[in-house]
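K.L.:
Going down the list, the protein sequences come from chains A and B.
Counting along the first sequence from 1, when you hit position 206 you're at 206 in the numbering used here, and nothing is skipped either side.
Counting along the second sequence from 1, when you hit position 112 you're at 112 in the numbering used here, and nothing is skipped either side.
Simulated from the structure, these hints should not be mistaken for lab results.
Glycine included, each C-beta is placed from N, C-alpha and C at the ideal position.
A couple of the hints might just be wrong.
Over the 12 Å line for every Cβ pair with chain A, so calculated as not near, a few chain B residues [what the hints assert, rightly or not]:
{"hint": "1", "residue": "GLU57"}
{"hint": "2", "residue": "LEU101"}
{"hint": "3", "residue": "LEU234"}
{"hint": "4", "residue": "ALA244"}
{"hint": "5", "residue": "LEU247"}
{"hint": "6", "residue": "ASP250"}
{"hint": "7", "residue": "LEU255"}
{"hint": "8", "residue": "LEU267"}
Have a look at the derived ranges for each label pair, beta carbon to beta carbon [stated by the list, open to error]:
{"hint": "9", "chain 1": "B", "residue 1": "GLU235", "chain 2": "A", "residue 2": "GLY122", "range": "54 to 60 Å"}
{"hint": "10", "chain 1": "A", "residue 1": "ILE229", "chain 2": "B", "residue 2": "ALA238", "range": "42 to 48 Å"}
{"hint": "11", "chain 1": "B", "residue 1": "LEU100", "chain 2": "A", "residue 2": "ASP70", "range": "43 to 49 Å"}
{"hint": "12", "chain 1": "A", "residue 1": "ALA214", "chain 2": "B", "residue 2": "ALA244", "range": "39 to 45 Å"}
{"hint": "13", "chain 1": "B", "residue 1": "SER70", "chain 2": "A", "residue 2": "GLY135", "range": "28 to 34 Å"}
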Amino acid sequence: MAHVDTTHAPPAHEPSAHPPEHEEETTTGINHRKLLMWVFLGSDCLFFGSLIATYMVYRGQSVVGPYPKDIIDVPITTISTFVLLMSSFAMVMGVAAARNGNQKRLVQWLIATIILGAIFIGFQVYEFNLFRIEGLRYETNLFSSTFFTLTGFHGAHVTLGLFWLLCLTIIAMRNPAGRPSGLDVDIAGLYWHFVDIVWIVIFTLLYLIGGFDAGPEVEHAAVQGWQWITATIM
Amino acid sequence: MSTNPGHEGALPHDEHGGHEDAGMKRFFFGHVPEGVHGGLKQYGWLAIFLGIITLVEFLIIVPEGLQGSSVVIAPLVILSVIKFFCVVAFFMHLKFEHPLLWQIFVAGLILGLVVALSLVVLFGVLRPTPRAFSENRQEPFVHHAAEEEHHFEALVIPTPCPVGACPQPAAPGAAVASSPGQALFVGAAACSSCHTISGVAQGVLGPPLDGIGSASANRIPGYSAEEYILESILEPDAYAAGTADGLSQDYDGNLMLSTMAGVLPSLSDEDIEALVEYLLSLQ
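One chain only, chain B, in its complex shape (with noise of 0.2 Å):
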């Protein structure tokens, strides 16, 4: 193992007095055979130094300017890593071990830092969700609605639901679409995430619109059927429908508003009316 086995301590140290001053100085910076040890004197030394290193470190931020302040990151992220390579060079003796050790702790601290980094920089910045996951997605589908829908209904997650509550994915024979509304319904508008129609999709979060066009007109005494639909899909929480208009459970309409915050951008007028149209037709 080592070259010199049994010679452990080699270096001065308390009892012994002598070359002191000399072995400080190889001790942290020269050469030094491996399995050698400080001693009381050595440890004492680098203790009252990372000592100090902290003290400085907390007087770094008794001014209350420099308090979360981002002058202070760099001096005091330094004075760290000073502290952390001294424990682990003298403290751990890695400075007098066999090399592969170093390598070994330096792997793992580099991958420590990577995954660090990576979790920071994919969480912290850039931060993706499956909204704008398929918010960044939609583009390309929207020209192909027709075709691609069920491709495209697979990528979008509106709200995390509950499990057991998660919209059925519609059954391969309704993709074929009658009507632009009823693409939009099952493609990019992502309503059949949420609402059931027979045939068409099977989404449980929100009312199911079989019959809406004409249950919609008398939902809000003084609105039309065209209105409350129109209502509906801009402003879902305005008025949320539940138990009094004979549905079986009150629905959350904030629900909707939030996950249409993400979709009714890029759906234009055309597409908003032709949703309404389509609607309107299921007696």
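Chain A extracted, bound-state conformation (with noise of 0.2 Å):
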């Protein structure tokens, strides 16, 4: 931030003076990168909604300890959801500078929002070591596999966002000059929001949800659901 030279840099004030992109004509008169985005946000809902599905499939099956109740920490876990939220309103502040051509904050919400984005997943490593330290590894039982498997995939999803607002900071410190564009930060913006939506339903069905069930004797909850509907139904 210290490094941006801003005799480069078009006034911070004035955001008609850069155009945040370049309009291209296109048929849907959205821009394809964006487009493309959303599209693939919209897979990727696919790809959780299957992993989740999983999880909750086999909720209370485990045979064996540690159970959720067991070992899931949900305070903590608060804290860390709440820490990844923060990070999606520095996020959506960077993107606004962006916007409004002002590199330096731009620099400074980026460099936010991946501190907080670190922060979770540290919280991510030591509740996985903490697992493994209580017994609880990828194979011991049904819900460690699921468990890990969705959570897993969601930390990879943080982490290859890290690097990618990695890149953009530091494309941004190096060029002053309107790069990374308005819309490159948007499309980081859109990715890093969609992991954090992702989270705000792990959180609710994994840890405030499922973060006390115990072993088979556990009334399954989809059995439950199903129950509810038939009887309402019929």
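Please assemble the complex out of the two chains, which come individually in their own frames, going by the hints.
P.N.:
Have a look at this one:
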């Protein structure tokens, strides 16, 4: 940030001095890169949808411990959830700064996003490691396999996002004159927020609702729901 | 693209002051032209709002009585859905975008939900297993066991068998059964998927049954051949045949037990008798 060469930078407070992106004519009127990002995010819903479903199917089916109730730490994860949420806020501020051509602010918000995202990953590394020490390994039971698969893939998404943001930050620090473009930051932001909303779902289902599950004596939630539905309809 | 290119950040934000309140209201609830973005003020409030929701979610499950209970499911799901759509609408500024993007994302979301729901219903509620599948289809075939047996055999998948150890389907020629016991053996009772009898069946998971009619008399001292075969069918785990009996390997009685648990209830006493009679005839 301190290295930003302001002599080549457009005046920071004049949004129109630097068109945030080159408007291109497309048949839909939507920039293709942005469109593709949304299509990808739509398809990523299916990816996480099936991983979440797999977890729900095997919920409460493990025959050996540790069970979620022995090991899931809801308070800690509430904090990390909050941290990820705040990183989304920092990200959206970064996008706004990029749209306004304010390179200095952009770098600051990007760095804030990266730090918060890294803290989230730190929490996850801590959690995984603790689980391992407590004897919950990937192959221990149905809970651990589905849990690690789902949250692991989410963590991989976050990690990828961190690299992406890091690249943008480096570019922004090297090229004060309007690169990365508002659109570049915007698209990275879309990915970052998506990772956040996936975590919102995971946090609710795996921690707040499923975090107190025990062994197979627990009535299966899906079965409960199904019975409720059939009882209501019939 | 947008109707007002270059008007990014058209709403007032922190640096500008001014009509912030009007801007806030319009930003969150009103109709805003495409391409508009908020500033520190709008996003800051939203972040605080989302943070508070997270806190409320946490507080809901603090009382121990509520932990893991089903009454909290609805409020928690509603709160997280609100959070979800706030992030999508404002942080991902989908509210200010071309409607096509909404449609694409919601389509993906719905597909994802449908996939998730079908998986949960299929494997969490209905839980089909190969065995349940064949059990459900047993009745119609039992009546025509003699004619239908080789169709039926294709449907029976007893236990997942190790690669290479899977039973070979009986040759079509062998399908014409010579006795009711043999018909059952290759048909409804599904014995042929594990046992070999020359010219009749080629299963590999259980011991070959050629000559079992005479061998069975010597398996357990004090048991007649008939008693031994009967017990082998009804309680396969009671005595596991193995190398001590001159067989090539020690067999796992539980394997047959667990598979028979699905088949035995559907066999009548006459069926069992027919099976025993048939096996006794294998000298």
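K.L.:
Against each hint, give a clear statement of whether it holds in the structure.
P.N.:
Verification of the hints:
Not every CB of chain A is more than 12 Å from the CB of GLU57 (chain B) (nearest about 6 Å), against its label as outside the interface. At the 12 Å boundary, the C-beta of LEU101 (chain B) falls inside the reach of chain A, the nearest C-beta of that chain being 5 Å off. With a least beta-carbon separation of about 28 Å from chain A, LEU234 (chain B) lies farther than 12 Å from that chain, consistent with its non-interface assignment. No beta-carbon of chain A comes within 12 Å of the beta-carbon of ALA244 (chain B); the shortest separation is about 33 Å.
Here LEU247 (chain B) stays apart from chain A, with its beta-carbon at least about 33 Å from theirs, past the 12 Å limit. For ASP250 (chain B), the requirement that its beta carbon stay farther than 12 Å from each beta carbon of chain A is met, with the minimum near 27 Å. Remark: the non-interface label on LEU255 (chain B) is consistent with the geometry, its nearest Cβ contact in chain A lying 20 Å away (cut-off 12 Å). Once the 12 Å rule is applied to beta carbons, LEU267 (chain B) is consistent with being away from chain A; the minimum gap is 30 Å.
Separation of GLU235 (chain B) from GLY122 (chain A) is about 57 Å and conforms to the stated range, judged on CB atoms against 54 to 60 Å. Range check, ILE229 (chain A) to ALA238 (chain B): about 44 Å between beta-carbon atoms, so the 42 to 48 Å window is met. Separation of LEU100 (chain B) from ASP70 (chain A) is about 47 Å and conforms to the stated range, judged on CB atoms against 43 to 49 Å. Between ALA214 (chain A) and ALA244 (chain B) the C-beta distance comes to about 43 Å, which sits within the given range of 39 to 45 Å.
Take SER70 (chain B) and GLY135 (chain A): their Cβ atoms lie about 29 Å apart, and the range 28 to 34 Å holds.
When the structure is compared with the earlier hints, violations turn up for hints 1 and 2 and for no others.
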